[in-house]
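Numbering follows this note's numbering, with no gaps: position 76 of the sequence shown is 112.
Hints in this document: simulated from the structure, not taken from any laboratory.
Where is the CB? At the ideal position from N, CA and C, for every residue including glycine.
Be aware that one or more of the hints could be misleading.
To be verified - Mimicking DSS-like on lysine-lysine, the simulated pairs with C-alpha atoms at most 27 Å apart in a straight line are:
#  : residue 1 : residue 2
1  : Lys-99    : Lys-139
2  : Lys-103   : Lys-66
3  : Lys-151   : Lys-103
4  : Lys-90    : Lys-103
5  : Lys-90    : Lys-139
6  : Lys-90    : Lys-153
7  : Lys-139   : Lys-75
8  : Lys-192   : Lys-66
9  : Lys-192   : Lys-93
10 : Lys-67    : Lys-151
11 : Lys-175   : Lys-66
12 : Lys-93    : Lys-75
13 : Lys-103   : Lys-93
14 : Lys-153   : Lys-75
15 : Lys-192   : Lys-151
16 : Lys-139   : Lys-151
17 : Lys-99    : Lys-153
18 : Lys-139   : Lys-153
19 : Lys-192   : Lys-175
What the hints assert, rightly or not - The calculated label-pair distances, taken between Cβ atoms and stated as ranges, are:
#  : residue 1 : residue 2 : range
20 : Asn-172   : Asn-110   : 36 to 46 Å
21 : Asp-63    : Asn-104   : 19 to 29 Å
22 : Asn-129   : Asp-176   : 38 to 48 Å
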Amino acid sequence: MLELISKAQLSSYNLEHPPGIMALLTDADKKNIQHIWAKLFENPEENGKTVVIKLFKDYPETKAYFKNIPTEGNLQEDPLVRFHGRRVMVALNQVVENLDNWKQACRILDRLADKHKNVHQVPAVNFQSMFQVILNVCKDLLGNEFSTEVSLSWEKLFGLLSEQINASYVSLHDQFGPGVGTHLMALTVLNESE
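Construct the complete structure from the given sequences, taking the supplied hints into account.
Given below as structure tokens:
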């Protein structure tokens, strides 16, 4: 399962200079992510469709949030499943393209979270489910190429994305700006627990 940023990492953060993705993803992590992503994004429609179908299979409770997409029958051939799968892949592609620009990645995630929270009323936990499914699809499609090291890089990325999406859902970023809410929220939780 995905792990969020540890308390030890959070306690070392400086509020005046919150760590962006650069502080938490190494160059090797980014290289691993970009290498695998290049393969997955070669066919975003097909791979996205696989992700959506696996999401429905592994997390059937998520079907309730896809009002315009059939959740039963021959999903392999359904154009709406393909369309939404492609949208998932394009959104993740925008984030991967901005691994070196955390503020822009946060803006993308904030818009995505806002729409899913306020328009579709999708709980934030569904993003974590989607991220877990993407990890599993990578393992299924890429086999040994999706090594433990590569998987850990992706888990680290998805942990960061989950943190930002959760911050967007609780609207702390409205007070402190894009990309800062995640770290302030986590530090607030740490301070309250002491």
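Hint by hint, which ones does the structure fall short of? Violated hints (numbers, rising): 1, 2, 5, 10, 14, 20, 21 and 22; every other hint is consistent with the structure.
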